[in-house]
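One-letter residues, chain by chain:
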Amino acid sequence: MSGATLQVSRLVAGYTRGVPIVRGLSLSVAAGEIVTVLGPNGAGKSTLVKAIAGLVSVFEGSICLDGADLAGCKTHTLVRAGVGFVPQTANVFERMSVQENLEIGGYVHRSKLKERLRAIYDLFPDLERLRHHPAGKLSGGQRQMVAIGRALMIAPKLLILDEPSAGLSPKLVGMVFQRVRAVRDTGVTILMVEQNAKAALNISDRGYVLAEGQERISDAAGALLHNPEVGELYLGAKGGLA
Amino acid sequence: MIAQLLANGVILGSTLALGAIGLTLTYNILNFANFAHGSLLSWGAYLAFTFALAFVGANSADFGPLSFGWPLLLALILGAALTGVLAIVVDLLVFRPLRRSNVQVALVIASFAVSLMLRNLIVVVWGPEPKYFTNNIQIQQQILPGVRATPDQIFVVVLALLLVVLLHLFLKHTRLGKEMRAIADNPVLAEVSGVNVRNVIYWTWVLGGSLAAAGGVFYGLTVQILPEMGFNLLLPLFAAAILGGIGSIYGAVLGGFVIGIASDLSVAVISPGYKPAVAFVIMILVLLVRPSGILGEKK
Numbered sequence: 000m001s002g003a004t005l006q007v008s009r010l011v012a013g014y015t016r017g018v019p020i021v022r023g024l025s026l027s028v029a030a031g032e033i034v035t036v037l038g039p040n041g042a043g044k045s046t047l048v049k050a051i052a053g054l055v056s057v058f059e060g061s062i063c064l065d066g067a068d069l070a071g072c073k074t075h076t077l078v079r080a081g082v083g084f085v086p087q088t089a090n091v092f093e094r095m096s097v098q099e100n101l102e103i104g105g106y107v108h109r110s111k112l113k114e115r116l117r118a119i120y121d122l123f124p125d126l127e128r129l130r131h132h133p134a135g136k137l138s139g140g141q142r143q144m145v146a147i148g149r150a151l152m153i154a155p156k157l158l159i160l161d162e163p164s165a166g167l168s169p170k171l172v173g174m175v176f177q178r179v180r181a182v183r184d185t186g187v188t189i190l191m192v193e194q195n196a197k198a199a200l201n202i203s204d205r206g207y208v209l210a211e212g213q214e215r216i217s218d219a220a221g222a223l224l225h226n227p228e229v230g231e232l233y234l235g236a237k238g239g240l241a
Numbered sequence: 000m001i002a003q004l005l006a007n008g009v010i011l012g013s014t015l016a017l018g019a020i021g022l023t024l025t026y027n028i029l030n031f032a033n034f035a036h037g038s039l040l041s042w043g044a045y046l047a048f049t050f051a052l053a054f055v056g057a058n059s060a061d062f063g064p065l066s067f068g069w070p071l072l073l074a075l076i077l078g079a080a081l082t083g084v085l086a087i088v089v090d091l092l093v094f095r096p097l098r099r100s101n102v103q104v105a106l107v108i109a110s111f112a113v114s115l116m117l118r119n120l121i122v123v124v125w126g127p128e129p130k131y132f133t134n135n136i137q138i139q140q141q142i143l144p145g146v147r148a149t150p151d152q153i154f155v156v157v158l159a160l161l162l163v164v165l166l167h168l169f170l171k172h173t174r175l176g177k178e179m180r181a182i183a184d185n186p187v188l189a190e191v192s193g194v195n196v197r198n199v200i201y202w203t204w205v206l207g208g209s210l211a212a213a214g215g216v217f218y219g220l221t222v223q224i225l226p227e228m229g230f231n232l233l234l235p236l237f238a239a240a241i242l243g244g245i246g247s248i249y250g251a252v253l254g255g256f257v258i259g260i261a262s263d264l265s266v267a268v269i270s271p272g273y274k275p276a277v278a279f280v281i282m283i284l285v286l287l288v289r290p291s292g293i294l295g296e297k298k
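So the protein sequences, as listed, match chains A and B. Just so we're aligned, residue 0 is where the first sequence starts under numbering that gives the first Met the number 0, counting upward by one. Just so we're aligned, residue 0 is where the second sequence starts under numbering that gives the first Met the number 0, counting upward by one.
Treat the hints loosely; a few may be bogus.
As a list, the in silico DSS-like pairs of lysine-lysine whose alpha-carbon atoms are at most 30 Å apart [said to hold, decoys possible]:
1) 136/A <-> 171/B
2) 111/A <-> 136/A
3) 171/B <-> 111/A
4) 171/B <-> 73/A
5) 113/A <-> 136/A
The set of hints was computed from the structure by calculation and includes no laboratory data.
Given these sequences and hints, build the entire structure.
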């Protein structure tokens, strides 16, 4: 696997034409980077990543993966181009087994299905043990592993995670982020939306802070952690998150 | 007496189970109640009837004690395939354009219209009088203590069960089968997993349409072929799908047999004139007590 470079330029996107939620946003993720998008509720974070995954209409601007403009492409075309997406909610096939969840993602590269399955089980050993369990009966942390594993089955060059820590206990949050870093170390570029700013920035290279569909701040992760403005935006805390 | 009614119910249940599978699949994947599904049962029966007539010249012998031979089996396969094509054509002409509008009620009302058109088209093409796959008279034989059935009836039940087993293997072990289950489970997630949703929807129509056609042929073999047969079966089909839990294929099979058996058993206590009401009563009770159905997931 090798990561791709994502370049989003002056993106305008939303659910209804004339009502843009992302309003002229530019953002870039270099190959092999982890970039986190932060921002208060309603800032357009989820809409941004859904637009990149092809689930929300793009009205203006471009979304380039390794230089090829994919804005407006059908979702399954994007999947073939190497865009993996893990939704925030309803991110597993509940009535299907863990292994079937992974297989659905693996059909894009049918000839490599066995090999990919092996790689995912090596990354998430728990899933191999649970492979015949229905995904809907798993715990929150295990479900998140299935969701990420399913997205990795498509052999993505870019993995997009929409709030991977939502609804997890603090202990599990640490575990999930540790796995996200392990995924990056296999060479996948990662773009992540998070509410849990501190934990996310701790494993990120860079971050963007959005407000009202536009970029507010963009900086290295370490600098954002110590930026008092970010702290205020988030917790009303003075003096930064760290 | 009870055993005989039970057996009759299983025979009716074979038709209902096959019909309810397609209904539950399209209800779940396309998210609307397709009132035209009953007409697919009628069309399947009439198409198979026409093919069977065309093959009569082949002059082949009947299978053992059955009232038919190869021609009907071949007609069943061709009729089922063509009914699958009919289902796709209806989807392309009517349902697909309406799906884009995102108004669910429009789809349901349109399916009513399609149902009326398909039913009356049958009258135009084949006429209103009942048809029979065979004019042979079959004698019911004792198969179990207190249970009599014709060889054709036994054939119908066995083939229906065989189709259900094949369907199970298909859904469990093939790529297309798993993709159908994935879309039924979570269409957006299937899309971001690279499933070609549009293609799989076409195959869902083919599958639902051909199973409905098989159900229609089975009804034609054990009762008779009539233009309004599909419409009359629609309510029991919905009852079966809802009883089993919308979206659950195994639930639809179970629901089909339960509704079939309950309808026929009711004759022991109430006048046969009220038989069609039994499915309706069961459906209302299920909706009141357990709206998610027996095997459905609670949402």
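Taking each numbered hint in turn, which are not upheld by the structure, reported in ascending numerical order? none
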